[in-house]
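J.: Given only the sequences and the hints, what does the whole structure look like? Please build it.
Protein chains in written order, with the numbering used here: chain A, 1 to 296; chain B, 1001 to 1408; chain C, 2001 to 2255; chain D, 3001 to 3338.
I should point out that these hints are in silico values taken from the structure, not numbers from a laboratory.
Accuracy of the hints is not assured; some may be wrong.
In silico SDA-like links for lysine to any residue, alpha-carbon gap of 25 Å or less [as the list claims (entries may be wrong)]: (1) K1280/B - V141/A; (2) K1134/B - P3146/D; (3) K1134/B - V3148/D; (4) K3110/D - I246/A; (5) K1230/B - V269/A; (6) K1134/B - L1044/B; (7) K1110/B - P3279/D; (8) K84/A - G3081/D; (9) K171/A - L2017/C; (10) K84/A - T3245/D; (11) K215/A - P1264/B; (12) K1391/B - L124/A; (13) K1280/B - V63/A; (14) K1280/B - K84/A; (15) K215/A - K1134/B; (16) K1314/B - V269/A; (17) K84/A - F3058/D; (18) K215/A - T1382/B; (19) K3110/D - N83/A; (20) K1067/B - T3245/D; (21) K3110/D - L57/A; (22) K1314/B - P3279/D; (23) K1314/B - M3278/D; (24) K84/A - P3302/D; (25) K215/A - N1290/B; (26) K1280/B - I246/A; (27) K1134/B - E1350/B; (28) K3110/D - L2128/C; (29) K1314/B - V141/A; (30) K1067/B - L3275/D; (31) K3110/D - L2017/C; (32) K1230/B - T3131/D; (33) K1235/B - L51/A; (34) K215/A - D1311/B.
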Amino acid sequence: MILQATLSGIVMGCVYALIALSLVIIYKSTDVVNFAAGEFVMIAGYLGLLLLDHFGLNYPLMVVLTVTLMFAFGALFERTALNKIVGFKYAAEAALVPMVVATIGLSFMLKGAVRVIPSTEEVLRLPPLFSGPPVFFANIVLQRQDIGIVIVAVLVMIALTLGFNFTAIGKALRATSQNPRAAALIGIPVKRMRMMAWGLASGLAGISGILLSPKLLMTPDMGNVVMLGIAASIVGGFTSLVGCVIGGIVLGVVQNLIGIFVSPQAIAVTPFFIIMLVLVMRPNGLFGEAMRLKKV
Amino acid sequence: MSKRASKRRFTACAVTTAIVALTATASMTPARAEDPGITDNEILIGMFGPLSGPLIAYGIDPVQAAKMLYEEANKKGGIHGRKIRLIVEDDKCSPNDIVSVVKKFVTIDKVFMLHGGSCTAAVSAAADYINREKIPYAMLNAAGDNAVFPPTRYVFGSFQGTQRAYAAAFATFGAQFLKAKRAAVIVHDDEYGKANAAMARATFEKFGVEVVIIERIPPNISDLTAPMLKIREAKPDVILSGAYPAPAVLIAQKYAEFGMTAIPLLQAAQGIPTPSVFAKNVANPEALENFYYTWAFNDIGDAAVRTKYIDLFKSYNNGREPGPFMMSGIPSAVAVLAALDAAGRDLTREGFVNAMEKLNLKFDAMPGPLEFGPKRRDGARTMVIIKYDGKTQKVMPGTYTWDGKEAN
Amino acid sequence: MSAFFAIENLGMRFGGLTAVNDFSMEVQEGSIHALIGPNGAGKSTVFNCISRFCDPQKGSIRFGGRDLLELRAHQIVAAGIGRTFQNLELLRRMTVLENVLIGQTIHVPRYLPFAPSPRRARAEAAALRDSEAILEETNLSAYRDTLAGELDFGHQKLLDLARALAGKPRLLLLDEPAAGLRNREISFVDQLLLKLAKSRGLTIMLVEHVMPLVMSVADRITVLSFGQKIAEGSPAEIRRHPKVIEAYLGSEAHA
Amino acid sequence: MYGSLRASEFVGVLAILVAGFALPFMLPEYFLYTGNMLMTYAVLAIGLDLLIGWSGQFAFAHIAFFGIGIYGTAILESRLGVPYLLSALASALIAGGAGLLIGFPAARLKTVYLALATYAFAECAQWVFRTWDPVTGGSDGLRFNPPVIFGYETGTDGAAFPVVAIILALVVTATLYLAKSKLGRHMCAIRDSEHVASASGIDVRGIKVATFAISAVFASIAGSAYTLFQSFINADVLGASQLVTVLTMVVIGGSSSIAGVLLGVVVVGFLPEILRAMPHSLLVWQEFIYGAILVAAIVFMPQGLWGLFRQRIAARPRRHDRSARESPAVRPVPETSP
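T.: Shown next as structure tokens:
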């Protein structure tokens, strides 16, 4: 029983990790926590279902199109709203509150827009990417989709880590966040980089949406899962991509063990308790870089 | 912050307050008629439900369904010569909003009575005010356990059954028909789940069935592994679930995944708005081999009833197919119409409340009567059980009626 | 007899990076002591250790008979040390007068915040009087009610100084007071520093890149490079010091 | 700036009081209920603004203290028979204590970390309210009796209105005094620059913790006010969405100004009432419109409604500004990178 719970926890953890990765990309490169990340995942799920059911696309094409559209959408939001906030109207540090409120506003808009469509009143489900009969290991069951989620999460993490550390764009993205002025001075197109980061994160949310919708089921409110993503990234340190995945897995497993040994009632509050605990004990998370000392 | 500006702010603030006060005063007349909302040819009813927000599915179609029945009554000449006029507002199922809407209806629009509400916690918040102001109130489709137990004079509810009625029906069915000996209960950790679990336990115990485990899960749970594993460990021979739509699907999936399909799974109605969509979401025929749900209406067994109401709905909504919970808007409107009729031409609020209290109404859409009494404010207590295998729905023999005895 | 102000064996690391290594220096009372060095030499870190914004791993900083490392950041000004900031840290959304009032914090007696009281009135009146005197002295009176963020660059630098002076320090740490100023303005700062040191009996510790200013006002200069002291002496000595020329002047003086 | 309240500032407070005593005779209960809600939100928002707008701490725990205020007052008053004012005081003390407790670890955190930690606290608190059945009534909610204050019963909206108005007036007055006090200035200093603040002798952590406690007390007072005109509390009203509402009020109205916050409360508070009256076909767009208004407000009114209003006043030249321009001590220079 414990083994099964742990394995399921690992799978759920990877679900959280995918959302956390999307959050961390944005945070690493623009210092914003995207409270609408969950809604991005939700939108991607519905978009996928729309393309599949209504436009009759085949699965691979749907995946490509969804991810592309999500990329464009994220970049557009950064361009039209956030860029204006970061711009001259707010001092650099005072921008945090408005940015967070703007992403909260966006989450309302996305939720509201989806709710307008009558068929979303029902719980819906996207067909899984990896289908087929479940896999058995002794008396442990795993769905193919679950194994797929774990593999994709790990692959995305590795790709992003390599991308951030070894490619020019990745380095430029990091420089943009650490010191936008200096980055601009050495010729990095800061604005385009911010857009890139949002696009990338939204594209990733698109992948997550397609993978998670079969597992979490789609309702306009499924975006609430963002708090689990945030909890995962907090455990992971908010800046570490590897930490994110480990954080997600820790969270998923702890949730299930608490469900078994304490009470399923406590499952919902677990992520919040973990966020508090981690931030109080180790403000930089378990894998975070030390907080940068502001130069004075 | 410039403090010099702050005094200017305050002057401005004062002026604004004064203006708001004056405009508002001008439009008000504090006089209070004996029983507002009735004229010689009109009865004014304030109606509300979640028309926006997360719980929209429980509100929009039921409100439309109730509306269409009132329209139908108006077409036939109204009630004792009076047409029914409705004002409909959105309550978002939020306690604060519902109190606000109710107060608006009562003090601004001056309605005769209130009809609405789809969520238990929200209607509970308004109940005190309603009783204080002595306004007759019929719930739309809220189970409303907390608002009808203990009963209060002006609040009538549970027109499609309380959680107590669901749980009692299921437990009786489990014990008598399925001959269960060990029962597991999985419910949410909210007021719904609480009422459900308490009644299930009491009824099972009455029939000598041992309740081996009660799992309370949060409504927004995303991984059912832990509670379902615990249920499997407890080795029940019937599982009763009071879950909402999304968790209900997850429960059924895990139930099949963990190889528990030999154990009958009983799901309360709120979890399966549309059986076909539910089956599609579960996406595993094995999960529905032994699957039952409660239902408070006759429309599944009786095609004539189904077509009657669906066609009526379509005719009022430009041919739109009704959503999952449409039927749940029907009984309360039927009951209100019947009570208005019974109260006669000399309609007063007290007269209407008395008529509601005496109501004992059998009609085609429901398997049992809608009945109230001096000490009873929950309308429907009779359920049917439906067996659903993913394709066909079969009404199980007999009806299951809660005897009204409270669980302790 | 112990020195007026002394840093002993200061060591500060950030992660793997050693910012300051085994650094010692003394400052004589009433002197203007400059701390110079190339970018990244650790000058600001020394200042930040004195202001207790960072915790050095080893060493001590002695002033007024006690070790500053036992104090917390907000207790430093009460110990008699004020400072300005290199990157123009100002209370940008507060007025010039309010900035100076904040500088006076430790000299305003406590009172209950939510209520009017005679004690409150007395304390506030005195603080206002003192602050206005400082504004007068620094030529900022005309801007009394302007938001600090709306001032031009030169006035912002001045306000930073006025705020630091309002704490009535005995030792003043100036972090690049001339950075970003034009030549004519630098000579103004030049005059002001000498005037302050004299009229208020201030000891000044100065981090500065503008060499003419350093050479004209400093009584003594300490040179830092890669977190270590490489030279110390009078301006004339420093100008001739081979290591300094190599590490610092060599690269920057000709640039 | 230092000093006692000016006459014009008293006018604002007085207006609240006059409205509080006059309006119950003029308005129907619906408006009074809305008014009561708005005044409660105002107290809540002013308290939140102390953290966000004044001391620059982006903290989200506020709604939890509101809950402590409601449950504390309701339980003490209704179940244990403690007089209302004492219950309110006790709840405020409990909330203040909890604020201190949260404040210590929170003062070490910054920016999003602070926001997330405090948000997590609020969620945990809501969970406790929802599951601690024996005390809070759990998910069934808690019914309580209308409080009686020195023989004055406040059960109805009309009866509660003057009392809620007095509470708001007191909170506004206290905040006005706070704004002019040393503590108030210290909060602002921390918001603008923690380095300057601590180099000037301000105990940054101490002030942050104090702000947390004061803000928690304000939230608890709002909770006590809530019990005056409501008779039922369910943990549902203490969730993230209410928190966002209050945050929106502060941000849209204009943070770090009492008038701005009050303006925000009125505008954002009435918005759902107005949206609700929309034609039903548009009603489903409500949530979308709300979000769009939020984003647009942030993008186009960075200083909030009040800031917009003030800019128009500021467009007129001010006397001291002109005199300032005539006597520059140091000539302006372009900012260069060091």
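J.: If a hint holds in the structure, say so; if it does not, say that too.
T.: Cross-check of the supplied hints:
no.	hint	verdict
1	K1280/B - V141/A	holds, 21 Å
2	K1134/B - P3146/D	holds, 18 Å
3	K1134/B - V3148/D	holds, 22 Å
4	K3110/D - I246/A	holds, 24 Å
5	K1230/B - V269/A	holds, 19 Å
6	K1134/B - L1044/B	holds, 16 Å
7	K1110/B - P3279/D	holds, 20 Å
8	K84/A - G3081/D	violated, 55 Å
9	K171/A - L2017/C	holds, 21 Å
10	K84/A - T3245/D	holds, 23 Å
11	K215/A - P1264/B	holds, 24 Å
12	K1391/B - L124/A	holds, 18 Å
13	K1280/B - V63/A	holds, 21 Å
14	K1280/B - K84/A	violated, 44 Å
15	K215/A - K1134/B	violated, 49 Å
16	K1314/B - V269/A	violated, 44 Å
17	K84/A - F3058/D	holds, 21 Å
18	K215/A - T1382/B	violated, 36 Å
19	K3110/D - N83/A	holds, 23 Å
20	K1067/B - T3245/D	violated, 32 Å
21	K3110/D - L57/A	violated, 47 Å
22	K1314/B - P3279/D	holds, 20 Å
23	K1314/B - M3278/D	holds, 24 Å
24	K84/A - P3302/D	holds, 10 Å
25	K215/A - N1290/B	holds, 23 Å
26	K1280/B - I246/A	violated, 33 Å
27	K1134/B - E1350/B	holds, 8 Å
28	K3110/D - L2128/C	violated, 32 Å
29	K1314/B - V141/A	violated, 45 Å
30	K1067/B - L3275/D	holds, 21 Å
31	K3110/D - L2017/C	holds, 24 Å
32	K1230/B - T3131/D	holds, 21 Å
33	K1235/B - L51/A	violated, 43 Å
34	K215/A - D1311/B	violated, 36 Å
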